[in-house]
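Chemist: These are the residues of each chain, in order.
Protein chains: 2
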Amino acid sequence: MRRWNGWGDDQFSLDLPEQGGDFLSARIGGGTALPDAALDHVCAQVPESRLPVDPLVTDLIDKSPEVRVRHARGQSLADWLALRSGDIGLFPDGVALPQTNTDVRALLQYARDHDVHLIPYGGGTSVAGHINPVEQGKPVLTVSLAQMKRLLDIDRQSQIATFGAGTPGPLVESQLRAHGYTLGHFPQSFELSTIGGWVASRSSGQQSLRYGRIEQLFAGGRIETLQGTLDIPTIPASSAGPDIREMILGSEGRLGLITEVNVRISKLPEQESFHVVFFPDWEQARTAARKLVQNRVALSMLRLSNPIETETQLALAGHPRLIGLLERFLSLRGADTGKCMMTFGVTGSKAQCRATLAEARKLCGRYQGVYTGTRLGAKWAEKRFTMPYLREALWQMGYAVDTLETATDWDNVDNLMGKMESCLRNGLADKNESTHVFTHLSHFYGQGCSIYTTYVFRVADNYQETLVRWQHLKNTTSEVIVRNRGTISHQHGVGKDHAPFLSVEKGQLGMQAITALTQSFDPSGLLNPKTLLD
Amino acid sequence: MRRWNGWGDDQFSLDLPEQGGDFLSARIGGGTALPDAALDHVCAQVPESRLPVDPLVTDLIDKSPEVRVRHARGQSLADWLALRSGDIGLFPDGVALPQTNTDVRALLQYARDHDVHLIPYGGGTSVAGHINPVEQGKPVLTVSLAQMKRLLDIDRQSQIATFGAGTPGPLVESQLRAHGYTLGHFPQSFELSTIGGWVASRSSGQQSLRYGRIEQLFAGGRIETLQGTLDIPTIPASSAGPDIREMILGSEGRLGLITEVNVRISKLPEQESFHVVFFPDWEQARTAARKLVQNRVALSMLRLSNPIETETQLALAGHPRLIGLLERFLSLRGADTGKCMMTFGVTGSKAQCRATLAEARKLCGRYQGVYTGTRLGAKWAEKRFTMPYLREALWQMGYAVDTLETATDWDNVDNLMGKMESCLRNGLADKNESTHVFTHLSHFYGQGCSIYTTYVFRVADNYQETLVRWQHLKNTTSEVIVRNRGTISHQHGVGKDHAPFLSVEKGQLGMQAITALTQSFDPSGLLNPKTLLD
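From first to last, the protein sequence lines are chains H and D. First residue of the first sequence: 1, per our numbering; consecutive thereafter. First residue of the second sequence: 535, per our numbering; consecutive thereafter.
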């Protein structure tokens, strides 16, 4: 069953190898776990629902405490601390589970008639507070699209598939695979996040280099709004005015509820493999990565770890003997202290894969890259969606882990990465605490790339202080990001957590434009208030 | 000097080979040219300017009749008929030529202070009425960005270049070429159209398969609006809410005046070549084209002519002996009556070109494609920007030529192309006139492609009737397009001519969203009224 107070399925866990614990302990000290609250204890705190009764929607709404608890929070570290402490504060007044567009329209009618706030809910995987209720003196109804999870149509000639918006990643892929197709959208949250959530939050998957971000995959769909139904037809490309798709992408539930999504699909590739190359230092590694994408080497995936992430990954991998052998092999070839690990994917027809791999290896060689084959790449592929489970293992050891991510132009990558890491690394110095910080670049464009920074710190001896520490790290580093030409989010979205930082990159007029859109669709502000625009 | 009443430079002309005239005459009858009005005759009709005097902008504005005539119309067939007949109707009350952002802000201030309508003007190449004044009882000032035509900055690492918005195609490419870069945006209007116009109208270039449409190339920029300056920062990709870039793209001057454009540039390729393959029939040809793009064969350009376009192009090419030899060669290999010509481009490093060409030839062979090498492809490349001059040659022979274009999903391409061609072919039957109609597909996506249909008809014995005939063909076929899942424009934009057809694809709520945006930026409707939204 799904874990109510953390990530994923409670029957699955990932252990940190012993060496991993030692590695962290040596860097930031040993941890002491905080006590977890029990589900029934939390359920007992859930107040009576304020939702007005209306026969129109009675059958659609579940007001039971456990369901309300399970839909109260996402997966940000603040959410995590709230859930583990049991101090959740606010709960939705009920959870609706519509099955059809008619149901969704009835819920919108209900919201309008009774002045109820609606929160659209996909997989509940937000790490930016998208689905958290806020107190505004009105009843809050969370609308889960979980029942709308079917492949509704597939057009093989046009390679367009239509899904119910609540379809989670594995069901998207398995339903397509049965027909010989793939969407190719693989965010780390793939196990739980949904196709509608990807659109609403402008998601990006690990193989965006081949398949594109969700912006490129989203071909059209249906959005139920307070003003009626918005149908966006599938058209390959158009110069007919501003693109309505692009207004829905990233709208985070403020314009309406996405109920159906048309996506551009691809035939399952003939071949796919993931390869690992080590570079002697960051300068060579980063330059090689930039050249790979600027020279249009047709990789399907690219990820580059900086020296500390490389060291951390090797330490946390387990198998110390094998890793030792690998490190000796690399050292003899010039990749020693300071080395950086690059993982790349090659996908397509046999001929395409052969040509691309040859081109990639040749280019990496020019920057002293040491090619190590597909063994580590296969490991990466195997674990690509289970990494969030590591948070649970770390939590049990008294460590909190979180990530901050952005994207910026190539000329600014080192500057911004350096400032983010340094802000996080020194952020708890006045508490005499250290933070372990490392980064990879994982989405590449001719113009620049994403920067994905992970930080681990010890929990304090109480929840309140742990939250204060996290908020300090999060807020100061978010400020560093937007003041240094980074977007407040490359792939997680805005939600409530990033909303205060949005105006720096959008500008006053950009904010005004987004506000004009939300007011046009939702003049009373009933949909997901305080998300996107605070 | 630029032709005041037609396309391009008046020192350059393109002749139709004799066989071309015979070919058309056999199909739609011989033409008789209509008399052209003289420039001084038209200038004499220009009324006194209604622009209020304001020292803030006096030096920026030219009110001379000739300049006003030269900025009164674009390049649609209706514009062409107006210019050739001399019956132009409306003229702007003046033309401003700002040099700086400060100048543009002064012009916006002037518009606000004196209730003057502004029309942003790039290269004046619109074929949809973007820059034509409309009578609304207010003075109209056309703002030409022609003086803002410099490369302002180039960031080699991030491959971003910044241009003044009025920079025309050849100056974009020549200024980049000096640094070893290309933008790769080559619309047929390249000679005259500008980088700001490309953004404002969501333009697409002939090599969009490699370089992307302007949506992919536009990285950010500066837009001067009535509410202040909107600066869009360059960020490679972001999930931070709706994308402001996508609101400016296709805004057609309704939100503000684009003054600076940041674009994503590429290193000049090592190699480039264009190849021609003939297929025995449309079914094989269209399937091969679809497979090329769905299989991600990395072509830089792809164009597929249907049988009538293929026949027409060969007839109009001149060199009947050589063409005869080619046709015998093709006929022996199965491509005879009904054959279709495909042109494709291969661009990149030597290794990439070699691999892509091999892949493309192999795939074409599977559909009975007969490869003929690069000779015809080189001809295409040589003439790619001069085709609009052919309109002049046809005009002198008494023929009017125009195009209609759209895009749709693969499953609908034949249906829509057939209906468009048939509507045009039979459109003048009740006048006992024939229309020569042919089509190519020229922009390819996994999901579908563009459909670009050309039609030639004889001018009537007066301008008025010629315009009536054109309007009938244009309007009935535009209706066919939007009622059959096509966009009203894949690459020409909306302007005033397509505005009545826009709501079918955007829907009532989509129109409301665009209106909300324009009202937010321009509540009094001073900017380019009746364009985009009628």
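Calculated directly from the structure, the hints in this document are not laboratory data. Certain hints may be false.
[Stated by the list, open to error] Derived DSS-like pairs: lysine-lysine, alpha-carbon spacing no greater than 25 Å straight-line: (1) D:LYS597 with D:LYS913; (2) D:LYS597 with H:LYS362; (3) D:LYS896 with D:LYS801; (4) H:LYS431 with H:LYS362; (5) D:LYS683 with H:LYS350; (6) H:LYS149 with H:LYS138; (7) H:LYS350 with D:LYS1064; (8) H:LYS350 with H:LYS362; (9) H:LYS291 with D:LYS801; (10) H:LYS530 with H:LYS63; (11) D:LYS683 with D:LYS672; (12) H:LYS474 with H:LYS419; (13) H:LYS350 with D:LYS597; (14) D:LYS884 with H:LYS362; (15) H:LYS267 with D:LYS801; (16) D:LYS917 with H:LYS291; (17) H:LYS267 with D:LYS825; (18) H:LYS350 with H:LYS431.
Chemist: When the hints from earlier in the document are held up against this structure, which numbers fail?
Modeler: 1, 2, 3, 4, 5, 6, 7, 11, 13, 15, 16, 18
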